[in-house]
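Protein chains: 2
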Amino acid sequence: MRVERTEMTIYPIILAGGRGTRLWPLSRADKPKQFLPMQDGGRSLFQATVGRHDGVEGVAAPWIVCGVADRFQVSDGLASIGVANATIILEPVSRNTAPAIAAAAEAIARQDPDAILLVLPSDHLIAPDAAYFETLKSAVAAARNGFMVTFGVQPTHPETGYGYVKAADGSACGDSRVRPVERFVEKPPLEEAVRMAADGAFYWNAGFFAFRASDVLAELAETAPDVAEAARRSVDEARAEGDAIVLDAAAYAAAPDISIDYALFERAKRVAVAPITCRWSDVGSWRAYWETLDKDDAGNAVRGKGLAVDTRDSLIVSDQADVVALGLEGIAVIAARDAVLVCPLDKAQEVKSVVAALKAGRRFELLDQSPTVNRPWGGFSSIMNGERFQVKHLFVAPGKRLSLQKHHHRAEHWVVVRGTAAVTVDEEVRTLTENQSTYIPLGAVHRLANPGKIMLEVIEVQTGSYLGEDDIVRFQDEWGRA
Amino acid sequence: MRVERTEMTIYPIILAGGRGTRLWPLSRADKPKQFLPMQDGGRSLFQATVGRHDGVEGVAAPWIVCGVADRFQVSDGLASIGVANATIILEPVSRNTAPAIAAAAEAIARQDPDAILLVLPSDHLIAPDAAYFETLKSAVAAARNGFMVTFGVQPTHPETGYGYVKAADGSACGDSRVRPVERFVEKPPLEEAVRMAADGAFYWNAGFFAFRASDVLAELAETAPDVAEAARRSVDEARAEGDAIVLDAAAYAAAPDISIDYALFERAKRVAVAPITCRWSDVGSWRAYWETLDKDDAGNAVRGKGLAVDTRDSLIVSDQADVVALGLEGIAVIAARDAVLVCPLDKAQEVKSVVAALKAGRRFELLDQSPTVNRPWGGFSSIMNGERFQVKHLFVAPGKRLSLQKHHHRAEHWVVVRGTAAVTVDEEVRTLTENQSTYIPLGAVHRLANPGKIMLEVIEVQTGSYLGEDDIVRFQDEWGRA
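These protein sequences, in sequence, are chains A and B. Residue numbering for the first sequence is 1 to 482, as defined by the numbering used here. Residue numbering for the second sequence is 1 to 482, as defined by the numbering used here.
The hints are simulated quantities; they were obtained by calculation from the structure and are not laboratory data. Small disclaimer: the values here were computed from a predicted structure and weren't measured. By construction, the Cβ of each residue, glycine as well, lies at the ideal position given by its N, Cα and C atoms. Hints are not guaranteed to be accurate.
Cut-off 30 Å, straight-line C-alpha distance, at most; resulting in silico cross-link-like pairs (BS3-like, lysine-lysine) [unchecked claim]:
(1) A:Lys295 with B:Lys295
(2) A:Lys166 with B:Lys359
(3) A:Lys347 with B:Lys305
(4) A:Lys352 with B:Lys305
(5) A:Lys305 with B:Lys187
(6) A:Lys359 with B:Lys305
(7) A:Lys305 with B:Lys400
(8) B:Lys352 with A:Lys305
(9) B:Lys359 with A:Lys295
(10) A:Lys359 with B:Lys295
(11) A:Lys352 with B:Lys295
(12) A:Lys347 with B:Lys359
Among chain B residues calculated to face chain A with C-beta under 8 Å, some are [claimed, not checked]:
(13) Glu350
(14) Val354
(15) Gly386
(16) Phe389
(17) Ile459
(18) Thr463
Residues of chain A placed beyond 12 Å of chain B at every Cβ, according to the derived structure [what the hints assert, rightly or not]:
(19) His157
(20) Thr160
(21) Ser318
(22) Cys343
(23) Gln436
(24) Val445
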């Protein structure tokens with residue numbers, strides 16, 4: 001455990017392991033919602049979450065919990081916003097929120113049992129205002145008083161897709177900002193949602209939490225002992241890998257797939273709710289995303305390349321093709337390079353049925369992999385797939401290099417279109433600059449590196465009878481993939 | 001004039017100079033509707049029109065009238081359906097149907113004044129049945145009797161976008177299939193359209209015609225003498241260019257921009273209508289195209305890559321991206337590589353307002369050039385546009401070669417991904433096969449040729465500060481472009 005004990009006491013734990021498909025075709029298995037550049041300035045919700053408490057007094061460096069596959073987009077996402085002091089905990093298998101939170105609590109409690117944990121989903125939108133930070137202070141005070149605090153959002157409409165929490169009279173922190181919880185209500189039928197939305201004491205359960213590390217572990221030992229035990233053992237046996245902590249696979253896999261709501265909040269004794277009044281969204285559908293965006297006078301939101309003609313209350317998201325919406329009302333048009341979704345915003349929650357249909361049709365290429373794939377060294381976009389060839393646009397960050405590798409079934413042509421490349425082919429190392437090219441014969445051991453100070457861009461033409469990403473033998477790799 | 005006099009007497013004249021934009025984003029200035037691969041088997045409406053009277057007794061080889069810019073897609077379109085005996089008349093400037101028909105009539109009449117001309121728009125869909133060919137025979141008989149014959153379609157609904165023609169009693173040919181015309185009605189208001197559609201004596205003016213060459217010229221000399229004169233002089237001064245006849249530019253430009261309907265039919269004395277009962281469409285909008293297609297049980301038509309989920313009465317056309325329609329009703333989604341149109345089928349005629357908006361925004365790249373450009377030697381698709389580079393997929397037909405050329409502002413890398421290339425760079429000629437590449441330095445005189453028997457495919461990476469198609473100096477060209 002390389003992270004040192006600090007004097008600060010609020011530890012943001014950012015849960016970045018989610019795999020939501022409700023924002024298909026932009027969200028894919030390899031790039032879930034939290035990593036999409038959906039915010040202003042091309043930031044992701046993950047990056048916005050990491051930055052949300054930046055500079056707040058008493059807040060320590062963030063801890064990130066994510067899957068092994070997301071390790072590099074997490075570290076790249078942190079690096080590109082200048083966050084160098086985060087701790088990354090890798091889940092060797094995917095579990096639900098209770099095991100993820102318990103493992104982070106276990107790791108932090110061993111350094112600082114009195115640590116206050118602020119658990120944040122990485123894929124929600126929150127626009128904090130001054131009142132938010134006041135509420136946060138009160139929530140931390142309640143956590144110091146031994147409460148498990150969940151944050152609540154004043155309902156704006158009778159939403160049937162969220163859980164609700166009812167506040168009791170009294171205070172959990174000495175002021176009225178945090179109140180004890182009377183009860184939780186699961187996703188309600190519409191009539192009940194209407195009643196609760198009008199009641200005043202009910203809040204949407206916003207999915208983020210505060211509690212003391214030692215308290216949550218003690219509470220979980222009572223309410224969900226198998227979760228607490230799996231977390232403890234997976235941290236006991238954890239190993240460092242590069243800049244990350246990998247939980248022990250066997251120990252972590254023993255944890256049940258259970259949410260923190262079920263495992264803890266609905267069973268714990270001292271539970272409180274801290275209502276927030278700032279803008280909040282779970283961005284759980286294209287409609288929810290549309291609601292978070294600024295719109296023109298006709299109610300249209302356009303991200304990327306789009307033109308709305310005689311169109312109202314619609315959403316266009318496109319980074320490649322120019323999308324023209326003509327005469328539409330309440331329609332989402334989401335265009336990725338390889339897939340376009342068109343649906344009424346009111347049916348946006350049905351995207352799951354599209355994903356199911358694509359799965360049934362074995363269209364995994366549209367579900368698993370984004371047209372642009374990020375790698376620890378940069379990434380690539382697939383720009384053309386031919387019968388026995390494909391063309392990729394590679395981008396390699398300054399100072400980075402790909403693994404030393406070879407392929408059994410394909411040869412590669414590289415044309416440098418920007419920056420400078422150091423290219424190894426078998427025994428030879430050459431420097432290529434813009435407008436120079438080289439050839440990697442089938443079977444040759446090769447490596448592409450960017451020794452320069454600007455992004456290296458390469459057009460790669462692959463030829464061969466099999467062009468899958470899995471035709472790769474790695475000999476050396478910066479990231480332990482060899 | 002290389003075409004010899006034949007014993008056959010029916011000359012199809014195919015008008016292929018139209019520039020319709022109503023099927024944007026697939027139709028572009030460089031690829032109007034008639035050349036899009038919209039029919040089964042990837043045929044174009046132009047090709048379907050050329051093939052429509054194939055093998056009919058008495059029908060001569062077709063004559064095509066088109067703009068100079070469309071010459072190669074016309075000749076390629078003919079070649080790819082095995083038509084080698086067509087005559088191509090090139091309009092040096094774009095005029096309307098009256099000058100185009102008059103010029104063709106003039107050219108044919110000089111070989112065969114008794115020729116019966118069958119004038120066909122190249123961008124309409126007709127599914128001829130046995131009755132069609134019987135009607136055609138009667139129309140030819142009426143033309144031999146000196147009538148100007150227009151074909152009519154029994155209205156299926158009160159269409160306000162078409163002109164109507166009212167049949168009188170009697171016969172123009174000895175049977176009831178062709179009747180004299182009582183009058184023409186321009187695009188009517190709805191009430192009048194309703195009345196006419198129910199009347200029984202009114203037909204939609206289908207836009208194709210039959211008449212004797214000498215008759216139409218004599219009639220035009222009366223009804224539109226400037227058209228007749230311009231046609232006569234432009235044929236007098238015409239010159240052969242390769243396999244085509246180029247009308248004299250100055251003479252042809254003197255013709256007024258007038259349709260054959262106004263110049264001839266509404267003014268002529270002996271006019272008849274031949275009603276056809278087979279399937280007919282002017283394919284004048286995405287809605288009209290949808291109507292021509294086979295649909296699934298929910299009324300959806302999918303061309304290319306599309307998936308309709310919980311969707312009714314909709315149209316998906318896409319050749320690159322997978323389009324998913326979810327929960328739609330009556331919507332068209334038309335996806336080209338660089339542009340996607342989404343609109344209700346009922347508003348498909350408003351695509352012209354989109355084209356106007358794109359023009360106003362100077363988005364000429366979305367209006368003028370298709371993502372795939374056809375050239376006499378094959379063509380290319382633009383697959384990526386970077387800041388100082390672009391990537392193209394070139395395809396060169398067997399035996400064809402590009403011009404000998406050089407560029408002032410760009411260098412090119414060629415990677416052969418299919419077939420065999422003969423590459424000239426300055427003094428050197430090399431043969432490249434699949435998986436070989438070469439480099440064309442800026443300023444080098446070069447040529448790409450396909451000496452083989454299968455299509456040559458090349459990935460071209462261009463680098464340079466200016467990458468426009470007009471940076472080209474041609475030294476030799478098979479098609480007179482040097």
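Structure-inconsistent hints, enumerated in ascending order: 1, 2, 5, 7, 12, 21, 22 and 23
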